[in-house]
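> Residue numbers (our numbering), protein chains in the order written: chain U, 1 to 298; chain V, 299 to 564.
There's no promise every hint is true.
[Stated by the list, open to error] These stretches of chain U come out as covered by chain V in the derived footprint (C-beta under 8 Å, 3 or more residues):
(1) 36–48
(2) 194–206
(3) 282–291
Hints listed in this document are in silico derivations from the structure and should not be mistaken for laboratory results.
Idealized CB from N, CA, C, for every residue including glycine.
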Amino acid sequence: MNCENKSVPQRSEPTSELASEQTALNQASDHNPQAYWLQRYNKISTTIGKWIGGEEITIREHKLLGELFNNVSYMQLHALNVTGRMISPQLGKWLENNFMVMSYPDARIWCNNIGALTGDMSTSPVAGTVAGVLASDSRVYGGNHTAKLAMTFLQQALVEYKQGKSIADIVNSVAKKQGKPALMGFARPINRTDERIEPHRKMSAELGFEVGEYMQLANQLDAYVTQHYQLGINIGGYTSAFLLDQGFSADEVYALKALCVNSGVTACYVDYKAQPKDSFLPLKCADIHYQGKAPRSL
Amino acid sequence: MTLSANKEALGFAKTLATQICDETPTKDNPFLAEERHISGYNIFDISQKLDYIETIFLLFKLELPSSQQKVLLNTLFNFLSNLGPRHPAIRAAMTAGVSKANVEHLLPIGLMTLGGENGGANEVERAYRFIEKINQTSLSELDDLSSRSALNNKTPGFGTRFAQVDPIAQRFAEQLLSLTPDTECLKKCQVWLEQINSSNNQPKIGWLESGIAAAVFYELRVGAREAAGLFQLACAPGILAHGVEQTHKPITAMPLLEDNQYELRK
Numbered sequence: 001m002n003c004e005n006k007s008v009p010q011r012s013e014p015t016s017e018l019a020s021e022q023t024a025l026n027q028a029s030d031h032n033p034q035a036y037w038l039q040r041y042n043k044i045s046t047t048i049g050k051w052i053g054g055e056e057i058t059i060r061e062h063k064l065l066g067e068l069f070n071n072v073s074y075m076q077l078h079a080l081n082v083t084g085r086m087i088s089p090q091l092g093k094w095l096e097n098n099f100m101v102m103s104y105p106d107a108r109i110w111c112n113n114i115g116a117l118t119g120d121m122s123t124s125p126v127a128g129t130v131a132g133v134l135a136s137d138s139r140v141y142g143g144n145h146t147a148k149l150a151m152t153f154l155q156q157a158l159v160e161y162k163q164g165k166s167i168a169d170i171v172n173s174v175a176k177k178q179g180k181p182a183l184m185g186f187a188r189p190i191n192r193t194d195e196r197i198e199p200h201r202k203m204s205a206e207l208g209f210e211v212g213e214y215m216q217l218a219n220q221l222d223a224y225v226t227q228h229y230q231l232g233i234n235i236g237g238y239t240s241a242f243l244l245d246q247g248f249s250a251d252e253v254y255a256l257k258a259l260c261v262n263s264g265v266t267a268c269y270v271d272y273k274a275q276p277k278d279s280f281l282p283l284k285c286a287d288i289h290y291q292g293k294a295p296r297s298l
Numbered sequence: 299m300t301l302s303a304n305k306e307a308l309g310f311a312k313t314l315a316t317q318i319c320d321e322t323p324t325k326d327n328p329f330l331a332e333e334r335h336i337s338g339y340n341i342f343d344i345s346q347k348l349d350y351i352e353t354i355f356l357l358f359k360l361e362l363p364s365s366q367q368k369v370l371l372n373t374l375f376n377f378l379s380n381l382g383p384r385h386p387a388i389r390a391a392m393t394a395g396v397s398k399a400n401v402e403h404l405l406p407i408g409l410m411t412l413g414g415e416n417g418g419a420n421e422v423e424r425a426y427r428f429i430e431k432i433n434q435t436s437l438s439e440l441d442d443l444s445s446r447s448a449l450n451n452k453t454p455g456f457g458t459r460f461a462q463v464d465p466i467a468q469r470f471a472e473q474l475l476s477l478t479p480d481t482e483c484l485k486k487c488q489v490w491l492e493q494i495n496s497s498n499n500q501p502k503i504g505w506l507e508s509g510i511a512a513a514v515f516y517e518l519r520v521g522a523r524e525a526a527g528l529f530q531l532a533c534a535p536g537i538l539a540h541g542v543e544q545t546h547k548p549i550t551a552m553p554l555l556e557d558n559q560y561e562l563r564k
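The following block holds chain U by itself, in its conformation from the complex:
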């Protein structure tokens, strides 16, 4: 299945804004070092959108009220805002379901732990949610930053695979941690089931998505690390392969999934907001293992 939506008029792919702006900067600077900034002085120049008060809002050349409102899903609109592409309703549904499983309301999970702590301090709900979301911008969990890392790895791995490198060589060229390859998206111990993988495979099939070349590679990597290292693919690896097959870039998914943990964070926030202060995992002094200098005088 192609990710583009057939029911909404299609627009051209956005060019690389940064690259075109860099070219403009270089061209302007050839004549006058400050020309680029003088051109942008006291005005906003954008391709993203514009609000005309009392009339309409343009988003990536689409009319929000006249065209999108009550016609596309919020996830389709979100993808349009972030990537400039109008994705299909099916892909919008896939992403929405994916967001559902990236945001468990369990306060042991690090970002939710922060949500609970902000609730405990009766921080504002916006600050509590944002603080937890910010914590999910992590190299090891969260689904946004990790997706970028996993997608970058898979992109390079596919290039190497097409050049003739074996799956074993791809896996074994990655740095090892505790004797096992640190493949982003494929480091789940096989005795720990990622309960999200099979429902995602089922959903993808039901929505009509075919297994693309990145997913085929991911499946091969999964089989290899399972056999040789007792590791397996996790939801991050699966999602990254799927979204690469749908034509997203790593940077697009990093931005698209920036908020993917927010619901669980807010849930843990409201849980402890409603409880007496200092009720979230109260610590005794002795619970902290001090490893520093002995008492001394100034």
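Fit chain V to the supplied structure of chain U, relying on the hints for placement.
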């Protein structure tokens, strides 16, 4: 498998550990502390006898600074205390302030903005590692490093603002060098900078605020990650002051561009 079994398999610790702070509980309430020591020093002694900048140093190095280290850190923190109202991080806090965001959000908003790769905390971290490389290179090999850096255009901490060298940053680097002439790191970076500017035909580059901060933090050997956060801490006062100032003004006190100043390109 249960979650607890999983946790054991992954080697999660049973307790939190730290080298920074020790708290002694009261006799009748284990949740309350009656004493707090920072790297061995009683918090009441610290609050009475140390300058704030000494305490900052202690928190990150677990020892008190020498007189030169104190001068370096104090001078840097004073310099970074206000990056000016045109700086994106301060503008973010000012925009939040004038638009009546909760006042307690102003500083976090500015600090998040200051986290960026372009002149922010992220660049300080990369500049720290780059400066480490400069300092681990002998003077005779610096020329080669200069050429390679210029070719790759990868010089975090050094560059231009609005196509030219930032005069305030250069003056501050010179001030630091004159105040603390024994700082090997700053001197070597200055040598490298002069070499790179004489070794290619590209526009001159100079110190950036992120580079000066990284050089000082490297001189103090605080660590690259610590440098990123300390940069944010040092810049915090100006962010907060400018942000809060705007809260006392009406939302109309900040310009809002007219439609004819807003170009929507295809």
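> Any of the earlier hints contradicted here, and which numbers?
Hint 2 is the one this structure does not satisfy, whereas the remaining hints hold.
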